[in-house]
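One letter stands for each residue in the lines below.
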Amino acid sequence: SASGEDTADGGLTTVTAGVIPIVDVAPIYLGVDQGFFSDRGIDLQLEAGSGGAAIVPGVVSGEYDFAFSNVASLIVAREQGLPLTTLGNGATSVGEQGADFGGVFVLEDSDITDAAELAGATVAINNLNNIGDTTVRQSVRVAGGDPEEVDFVELPFPDMPAALETGQIDAVWAVEPFASAIRTAGHREIASNFVDTHPDLSVAVYFTSEQNRAQDPELFEDITAALEESLAYAQDNPDEVRRILGTYTEIDAQVIEEMVLPRFPAEISAESVRTLADLMVTDGLIETEPDLDALLP
Amino acid sequence: MPATDTTHHRGVRPGMLKVTGLQKIYNGGPAPVEAVRDLTFELAEGELVCLVGPSGCGKTTLLKCIAGLMAPTSGTVELAGEPVLSPPPGMAVVFQEYGRSLFAWMSVRANVELPLKEKKLPRARREELVAESLEAVGLTAFADAYPWQLSGGMQQRVAIARAIAYEPQVLLMDEPFAAVDAQTRADLEDLVRSIWQRLGVTVLFVTHDIDEAVYLGERVLVLSNSPTVVQDDVTVDLPVERDQLTTRQDERFTRLRAHVYAQIQQAKKGTAPTAA
Amino acid sequence: MPATDTTHHRGVRPGMLKVTGLQKIYNGGPAPVEAVRDLTFELAEGELVCLVGPSGCGKTTLLKCIAGLMAPTSGTVELAGEPVLSPPPGMAVVFQEYGRSLFAWMSVRANVELPLKEKKLPRARREELVAESLEAVGLTAFADAYPWQLSGGMQQRVAIARAIAYEPQVLLMDEPFAAVDAQTRADLEDLVRSIWQRLGVTVLFVTHDIDEAVYLGERVLVLSNSPTVVQDDVTVDLPVERDQLTTRQDERFTRLRAHVYAQIQQAKKGTAPTAA
Amino acid sequence: MSTAAVPPAPAPRGARRPGARVRTAPNRPVLGSAGVLALLLLWEAVPRLGAVPERHFPPASEVLATLAERAGTTPFWEAVGHTLFGWALGLAIAFAAAVLLGFALGSAPRVRAFTTSTVDFLRPIPSVALIPLAVLMYGTDIRSTLLLVVYACFWLIYIQVLYGVADVDPVAEQTALSYGLGRLARIRHVVWPTTLPYLMTGLRLAASVGLILSITAQLIIGSPGIGQQITAAQQGGAVALVYAWIVATGVLGVVINLGVRALEHRVLRWHTSVRGESAA
Amino acid sequence: MNRPTVDRPRAAPAAPTEQEAPVARPPRRPAGAARTARPAGALLRTAHVLLLPAVLVGAYWAFTARPDAGFYTPTPDAIAGAFAELWFSERLFVDVLPSLGRLLTGFALAALVGVGLGVLLGLDARVRAIAEPVLEFLRAIPPPVLVPLMIMLAGIDDGMKVAVIVFGCVWPILLNTVEGVRAVDPVLADTARCYGIGGVTRLRVLVLRSASPQIMAGLRLALALAIILMVISEMFASSSGLGFAIVQFQRTFAIPEMWAGMVLLGIIGFVLSSLFELVEGRVLGWYRGLRSAHRGE
Ligand SMILES: Nc1ncnc2c1ncn2[C@@H]1O[C@H](COP(=O)(O)OP(=O)(O)OP(=O)(O)O)[C@@H](O)[C@H]1O
Ligand SMILES: Nc1ncnc2c1ncn2[C@@H]1O[C@H](COP(=O)(O)OP(=O)(O)OP(=O)(O)O)[C@@H](O)[C@H]1O
Ligand SMILES: [Mg+2]
Ligand SMILES: [Mg+2]
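Residue numbers (my numbering), protein chains in the order written: chain A, 1 to 297; chain B, 1 to 276; chain C, 1 to 276; chain D, 1 to 280; chain E, 1 to 297.
Do not rely on the hints blindly, as some may be mistaken.
Stated by the list, open to error - Partial list, computed: chain C residues near chain D (C-beta under 7 Å):
id, residue
1, Ala104
2, Leu114
3, Pro115
4, Asp237
Please keep in mind that the hints were generated in silico from the structure rather than gathered at the bench. Backbone N, C-alpha and C fix where the C-beta goes; we use that ideal spot for every residue, glycine too.
Based on the provided sequences and hints, a complete structural model is requested.
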């Protein structure tokens with residue numbers, strides 16, 4: 001790892017992480033803010049891109065020492081033979097029906113009343129063949145509908161409210177802060193798809209490549225420790241999380257106050273990952289379940 | 001020298017083209033260029049007038065103003081009593097830059113036919129006119145060629161054929177025979193005169209060939225060097241029926257020719273006298 | 001009439017330009033066009049030869065082949081013993097399409113100077129040549145204008161100035177005076193003759209003006225109508241010192257002129273006799 | 001044989017004839033502002049009249065206010081600076097490469113014939129799809145952005161140059177040949193000026209495409225600049241801010257175009273399209 | 001370049017003479033090199049198309065044979081395998097053909113709008129002065145960020161995607177048309193004016209024809225851009241399409257498949273370009289003829 005060797009002034013090791021500037025990564029920003037990384041001799045640089053197109057190649061090439069991603073993407077990558085491995089938890093479902101940090105929404109006056117009725121409807125998700133459609137299908141399945149009948153289209157989260165309100169689509173799957181905006185606008189939540197999948201679902205995680213880790217195992221142990229400390233801190237100090245959100249996002253202060261935060265347990269729920277991977281096999285996203293033990297060391 | 005002087009020779013004809021106090025200054029360059037200072041003259045209906053003058057004295061400029069393609073800086077152009085502000089209908093122009101005035105993407109035939117289509121002539125009539133005029137300039141065999149497959153002189157003849165086929169009331173020709181050989185030139189001169197007589201068209205003909213000017217015209221206008229004014233207006237008192245051999249041997253022809261030549265030499269020398 | 005006939009008049013001079021069995025067929029169009037059938041002639045070094053022929057007979061084509069701008073279909077062109085395959089150095093061409101041969105993006109001065117720069121002349125010499133040649137064609141005042149700000153005749157004179165300033169060994173001119181007035185034309189004719197005498201340059205001069213051809217040339221080549229061959233090769237036995245007034249009144253001048261005119265008329269009529 | 005010198009510029013006298021086609025050059029800044037104003041009014045009206053929900057497409061006034069507020073901050077200008085840096089460098093590289101190759105291959109049709117299929121094959125590959133590769137090769141630093149900008153801009157200029165080179169007037173070319181101008185001199189004095197109008201259009205096209213890709217690269221890769229700011233605003237649901245950045249981008253485009261137009265006016269003085277505008 | 005002498009009567013007299021009536025030019029062609037050189041010509045043309053690609057593929061192959069050539073650069077045979085499997089299947093109908101339909105629609109609309117607006121702006125300096133800043137403003141906006149607006153205005157179906165294509169690829173056509181129209185030869189324009197050629201005829205026979213070389217340059221650029229924008233448009237609100245497929249492959253780390261998609265894009269580009277070349281050959285026949293005429297061909 002190129003930058004892993006660099007040492008900045010004061011003997012700190014410069015480490016670069018690829019993140020997405022969303023709510024889920026608040027703990028790592030807090031961790032930097034609180035000095036959990038510098039305490040361990042790590043000068044952590046956070047680079048905020050908009051998605052997976054750059055992040056995984058960034059990690060593979062060693063450009064990023066580690067990065068943030070949702071679990072489903074990593075399962076797919078692992079299945080395709082990319083040697084990725086997790087470092088620590090990212091964000092976890094709240095586990096409460098109707099009060100999670102993401103859900104499926106319809107217009108107030110929509111005919112759709114529960115997830116089963118999504119069959120035949122057009123549902124917007126941010127990325128097809130990923131965690132969104134897998135978990136929403138599970139909601140439909142749980143509610144007794146036919147998941148095959150759901151018509152998914154891709155739409156970035158920020159564009160969802162507009163598309164929903166102008167009637168272009170029937171339902172959206174959105175996460176915070178868009179979920180709050182949609183709730184505030186008076187739209188109805190009909191399913192909590194993460195909860196329907198697993199009450200303890202690890203939605204996103206921090207990961208690196210096996211090569212990166214092998215080059216400097218101690219460094220990565222430090223990173224994992226710092227991550228764990230950050231997560232614990234975030235979990236215990238929701239106000240701090242809301243404060244730090246104001247620094248690296250453009251979310252409206254009002255929304256920051258009101259929105260639902262994810263849970264930040266330090267541990268990845270391996271069981272939930274396994275459930276998700278099973279669903280992905282069922283839905284045909286991947287052909288066989290990858291070596292989850294390698295993914296979750 | 002009032003323009004009315006000239007009307008005597010074919011009986012009184014109504015004025016067709018009247019240029020009054022025409023001045024043109026080009027402002028495009030770093031300094032303005034006064035191409036034409038003050039031109040006043042008149043053409044009667046059905047008159048054939050030749051225009052000669054030193055290179056760069058403003059003949060083309062004048063023609064463009066008359067054709068309504070260019071607004072004069074001051075002065076007016078009137079055609080049949082109406083001021084010319086844009087190209088008037090029924091006027092055909094043969095441009096000095098004949099090569100650039102042909103549509104490179106059209107065959108010779110299409111080039112000649114295009115204005116006729118715009119005139120909404122029926123197809124049969126168009127074809128007749130095109131065939132006739134191409135025949136007249138000797139290009140029948142090249143009707144389907146593109147202009148760029150022709151020699152310079154042939155291109156020029158296409159431009160002439162186009163103007164003839166148009167059957168205009170007023171015909172402006174800017175050195176139309178510059179690129180053709182002596183024999184063809186003589187033929188074309190006779191062609192212009194015969195068309196002029198047959199159709200009664202008013203012709204303003206720019207040329208550098210003094211013999212040609214005298215042979216063709218009823219009058220020859222001599223322009224001075226810039227700042228350009230009308231230096232002389234010579235009435236050509238040769239018989240209406242002219243002939244390449246006899247007319248050119250006519251003693252009056254030689255006299256007129258010498259007179260015009262002297263005028264042009266004067267014009268080139270510098271500020272010209274108002275009349276010779 | 002073999003070309004060697006003419007060498008007597010100024011003593012024996014080595015051959016400079018030799019055209020042998022030149023044929024050119026254009027294949028661009030739908031059907032091939034044989035512009036030139038079979039041309040054979042020779043120019044001695046320092047000779048001034050005029051070329052006349054009906055419009056479209058292939059004069060421009062011939063010039064382009066000589067200039068190495070176009071490959072003949074068959075036959076050869078030799079310059080000073082070397083076959084011409086690409087434009088040879090030391091040759092200047094004045095194109096019939098003078099307007100398009102000027103670079104619109106350069107001032108008159110720059111247009112004239114550009115070939116001199118390519119010749120790597122020192123700056124002072126270049127400026128001298130440019131000034132001289134512009135002076136010679138009467139365009140000193142327009143050195144800083146762009147070509148499109150000039151009249152047709154003025155543009156043509158720029159092209160001439162460029163060729164003159166180049167001081168070539170061989171000068172090809174394709175109807176170079178077509179767009180200038182009679183007086184200027186006379187001046188330019190004298191200019192060409194004086195340069196020819198001064199520099200000993202070999203000149204091939206295409207013109208439609210028979211008087212001009214006879215006045216200028218040591219020989220006049222008459223081309224036939226297509227399929228083009230050399231119809232006549234007339235030696236002009238006028239004195240080397242010529243003058244616009246006296247030479248043109250010379251009885252031999254009139255005779256030659258009539259002869260060439262008759263040849264051209266013949267040429268236009270159809271298949272020409274091999275010799276007059 | 002001296003033609004009368006250029007007459008000493010008498011001021012155009014008198015008023016113009018009534019009714020004459022007065023062709024003054026249009027007052028560009030005024031007319032242009034009018035056009036922009038019309039656009040802003042339309043933008044103001046569309047959401048206000050409810051054609052689209054105001055919440056998702058804020059009216060111009062709100063966006064401009066947001067923009068004005070941001071424009072007073074340093075991060076704003078830093079982002080603009082980052083974007084412009086990537087843009088300018090990428091455009092310069094693309095321009096140089098495309099012009100060199102364009103002139104070289106444009107004047108060597110035999111060689112060019114061998115490249116056409118490859119060029120046609122490569123052109124439709126989206127820069128965006130090259131992002132993983134770029135990141136893999138160059139990481140997330142400026143070189144990745146450059147790769148994307150250069151790849152997209154190169155083709156635009158290159159194709160324009162090819163068409164421009166083909167536009168050379170054969171008479172002008174033959175003139176140059178016959179006066180012994182060498183290959184380089186011909187390119188410099190004949191081909192280059194002929195190509196310029198095409199090149200200028202290519203430059204204008206590439207300038208905006210370069211800007212777009214500079215931003216897109218930041219958007220996806222997350223290197224600092226306007227793109228990253230837009231991502232942040234989008235992820236935060238700050239709609240007015242997103243549009244404020246869009247406006248900033250558009251304004252950059254307008255400013256860049258002004259520059260290219262000014263350049264064009266200088267280098268194409270002689271060209272029909274430019275001289276017609278200032279002529280009598 | 002020596003061609004055999006053509007021995008035949010020349011029947012194209014400069015002026016019709018008594019003996020030689022105006023016969024059309026002889027239809028007989030010279031039995032010259034142009035005909036006999038056919039097989040060699042075909043071979044050469046094949047070489048033109050295939051030589052450089054073959055060399056490049058070879059070079060790439062050599063590159064991928066190195067051990068450190070990574071996950072993102074699969075071998076050509078892997079790509080070829082993926083290509084055959086992907087595109088010689090029903091995906092051709094599900095993904096490729098609809099995309100091509102949108103692509104061609106978008107391109108045609110852009111051509112119409114670009115040329116139409118371009119002529120308008122090119123002819124009138126005043127309109128141009130008014131519109132230019134606005135157009136420059138719009139031109140600088142990345143099409144993706146306008147997608148939300150387009151969704152609101154044009155829906156999420158084909159309309160929006162076609163709109164993205166049009167918005168993105170209209171510019172080269174527009175700019176080139178404007179410049180081409182501005183550069184109409186003034187002598188020719190004067191000729192048309194004095195022969196009373198105005199209105200639609202003037203557009204048809206003068207303006208469009210003389211601007212056509214430049215318009216063609218614009219169209220050629222736009223064609224490739226349209227393909228790119230087809231991909232970009234399918235990144236939003238999609239569930240099928242070639243662009244969508246490529247993005248999906250990229251996100252799901254199906255790298256050979258992703259490259260196979262890009263290769264297909266390239267092939268589409270090449271085929272469309274070749275078709276375009278044919279059209280251009282017809283439209284610009286006069287233009288090329290004019291240029292080669294002077295070289296004596
Ligand atoms: N666009 C222009 N800008 C500036 N000056 C111009 C322009 N066009 C013509 N002139 C000048 O106007 C004068 C007259 O030009 P014009 O073309 O009318 O002459 P002309 O009499 O037709 O000459 P010629 O016999 O050589 O064709 C010339 O001095 C020329 O330099
Ligand atoms: N590119 C071409 N394609 C086909 N035919 C051509 C081409 N160029 C010239 N020609 C033909 O070749 C013949 C000779 O043309 P050329 O230009 O050499 O004549 P020219 O003697 O210079 O005539 P002019 O005195 O009119 O300039 C003409 O009949 C012309 O139609
Ligand atoms: Mg003129
Ligand atoms: Mg010729």
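Each hint, compared with the structure:
The interface hint given for Ala104 of chain C is met, as the beta carbon of that residue sits about 5 Å from the closest beta carbon of chain D, less than 7 Å. For Leu114 of chain C, the interface hint holds, the least distance from its beta-carbon to any beta-carbon of chain D being 6 Å, beneath 7 Å. About 4 Å separates the beta-carbon of Pro115 of chain C from the nearest beta-carbon of chain D, less than 7 Å, and the hint is met. Hint on Asp237 of chain C is violated. Least Cβ distance to chain D is approximately 29 Å, over the 7 Å limit.
Violated hint for the displayed structure: number 4, the only one.
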